[in-house]
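A.B. asks: Listed below, chain by chain, are the residues.
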Amino acid sequence: MKPADLTPVSRDALRAPSGALLVVLSFIVALLFNSLPWSGWALALRPDLVLLALLFWSLHAPGRVGQALAFALGLAMDVSDSMLLGQHALGYVAATFGAQVLRVRVLAFGAVEQTLHVLGLATVATATAAMAAGLAGGGFPGWLPLLAPFTTAACWAPLSAVLLSPRLRRRRAAIP
Amino acid sequence: MGEAPAFFHRGPSPLARFAFFGLLSVAAMIADHRFGLLDTARVGISAAMLPIQTAALAPATVAEVVGDRFTDQASLLRENEELRERLLAYAAAAQEAQLLRAENERLLGLAAAPVDQPGTIARIVSTGRNPFARKVLLDKGVTHGLQPGMPVVDVDGVIGQVTGVGALGSEATLITEKGQLVPVMMVRNGLRAVVEGAGAAGRLNLPHIPASADVREGDLFVTSGIDGVYPPGLAVARVTVVDRNVDSMFARISALPASGVSNHRYVRVLTATPTPAAPEPAASARREPARPGRAPGRPTAPRKP
Chain A
4 MKPADLTPVS RDALRAPSGA LLVVLSFIVA LLFNSLPWSG WALALRPDLV LLALLFWSLH
64 APGRVGQALA FALGLAMDVS DSMLLGQHAL GYVAATFGAQ VLRVRVLAFG AVEQTLHVLG
124 LATVATATAA MAAGLAGGGF PGWLPLLAPF TTAACWAPLS AVLLSPRLRR RRAAIP
Chain B
270 MGEAPAFFHR GPSPLARFAF FGLLSVAAMI ADHRFGLLDT ARVGISAAML PIQTAALAPA
330 TVAEVVGDRF TDQASLLREN EELRERLLAY AAAAQEAQLL RAENERLLGL AAAPVDQPGT
390 IARIVSTGRN PFARKVLLDK GVTHGLQPGM PVVDVDGVIG QVTGVGALGS EATLITEKGQ
450 LVPVMMVRNG LRAVVEGAGA AGRLNLPHIP ASADVREGDL FVTSGIDGVY PPGLAVARVT
510 VVDRNVDSMF ARISALPASG VSNHRYVRVL TATPTPAAPE PAASARREPA RPGRAPGRPT
570 APRKP
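Heads up: the protein sequence lines correspond to chains A and B, in order. The first sequence begins at 4 in this note's numbering and counts up one residue at a time. The second sequence begins at 270 in this note's numbering and counts up one residue at a time.
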């Protein structure tokens, strides 16, 4: 017997939005973006789209995207950035955990407050990775890596707009 | 609790998951850092990432090809002129080297000289995306016969060493990376030393040389071949500053790399299998069979006119 749908009306806004295809596609694009040949200042300021996509989908599709994927993508980024294996993974897992805990609260907010939350989570991810590298003998990496969370957070609003738009379109099409 | 509707059933709590994956990450880091256990995993993941990385590099490659097409005549002529001058310089150096080598062979009875190492030309694909490590990514991997430990050189000397190998690409650590060591010997008086990467600004250090040692600015250090990784005689570093402080037993010696560590797009990986220094008979026996095979297959020999 199927359980009754106890979903309150407000949950509708939080419902997993879209097909698996969009999720996979967004991660591929994010990985491509992160793998571009960045160097120098551009590298220091590179917005981490993989992290952003992780946060977005763990907020909007918590059934599909969670800490396991965060761990796997973190390992992939560690290899492609030739860093210590597990460094990005720890940061991504920590940020995804934060997103899962804060999920309902973040989704109730508008764009500005959401951006601030993302800034916090991205800072957690970066700081965790930098600290892990430091403990592994890399020394203090300086303050420069803490610039990237700002650019990452700045990309949140455009990314949300883009990723949420197909869903809006489908909904409008479904109503009549 | 087992009667809860499926809607509420979500597996372990986020906190439990976080504990699990967090510990897994930490374990991976420890395994990678302390024990170097995850090299196979790294190779596998990098193979899986290869399509994405190739795609990400495609715009740059296209831009490069198009740029090459439209190089103007003046710059080509200039480059030609420059190359001709270099060729002359190397021709002179090669003749001198041949004389020296003949003398060396006569004196030491050595079977081969360092420049006769078999090697393969690799392109520097990217300079690595970790701003805190001096590494470059090359476009040759296991399938081209590369192995960890192989020396990477350019026409002027040693650049670094292959440290990670994937299926179709590999990672070389430059000699300027912090803690990267190369055993060397001074050309002028045979003083043996170790060159250590300083980690910053393409500088090298020569630690543990007594303050009384005969080292001057401009002295050239070449590989000594003692470690069995780098063949002897490759230029490594030129001394820039010698600081003899009274309150230290050792001189503080800084040097610059002899090779263009950060200047090149093409490098040569010496593919002679790196082995620990072996006793003389074994060493000559190992070199012998390598000789006939390398003559036709050798890509280039920039030192020979």
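Simulated from the structure, these hints should not be mistaken for lab results. Ideal Cβ positions, reconstructed from N, Cα and C, are used throughout, including at glycine. Careful: at least some of the hints might be erroneous.
[Unchecked claim] Simulated restraints on C-beta separations:
{"no.": "1", "chain 1": "A", "residue 1": "S168", "chain 2": "B", "residue 2": "Q416", "range": "42 to 52 angstroms"}
{"no.": "2", "chain 1": "B", "residue 1": "Q416", "chain 2": "A", "residue 2": "L119", "range": "24 to 34 angstroms"}
{"no.": "3", "chain 1": "A", "residue 1": "S168", "chain 2": "B", "residue 2": "V331", "range": "28 to 38 angstroms"}
{"no.": "4", "chain 1": "B", "residue 1": "P476", "chain 2": "A", "residue 2": "L110", "range": "15 to 25 angstroms"}
{"no.": "5", "chain 1": "A", "residue 1": "P144", "chain 2": "B", "residue 2": "A324", "range": "26 to 36 angstroms"}
{"no.": "6", "chain 1": "B", "residue 1": "T340", "chain 2": "A", "residue 2": "L110", "range": "49 to 59 angstroms"}
{"no.": "7", "chain 1": "A", "residue 1": "G43", "chain 2": "B", "residue 2": "E486", "range": "47 to 57 angstroms"}
[To be verified] Pulled from the structure, derived: some chain A residues nowhere near chain B, Cβ distances all over 10 angstroms:
{"no.": "8", "residue": "V96"}
{"no.": "9", "residue": "V107"}
{"no.": "10", "residue": "F112"}
{"no.": "11", "residue": "G113"}
{"no.": "12", "residue": "L166"}
A.B. asks: Each hint: holds or not?
C.D. replies: These are the hints, each one checked on the structure:
| no. | hint | result |
| --- | --- | --- |
| 1 | A:S168 / B:Q416: 42 to 52 angstroms | 50 angstroms, holds |
| 2 | B:Q416 / A:L119: 24 to 34 angstroms | 50 angstroms, violated |
| 3 | A:S168 / B:V331: 28 to 38 angstroms | 30 angstroms, holds |
| 4 | B:P476 / A:L110: 15 to 25 angstroms | 57 angstroms, violated |
| 5 | A:P144 / B:A324: 26 to 36 angstroms | 29 angstroms, holds |
| 6 | B:T340 / A:L110: 49 to 59 angstroms | 54 angstroms, holds |
| 7 | A:G43 / B:E486: 47 to 57 angstroms | 31 angstroms, violated |
| 8 | V96 | 4 angstroms, violated |
| 9 | V107 | 12 angstroms, holds |
| 10 | F112 | 20 angstroms, holds |
| 11 | G113 | 24 angstroms, holds |
| 12 | L166 | 20 angstroms, holds |
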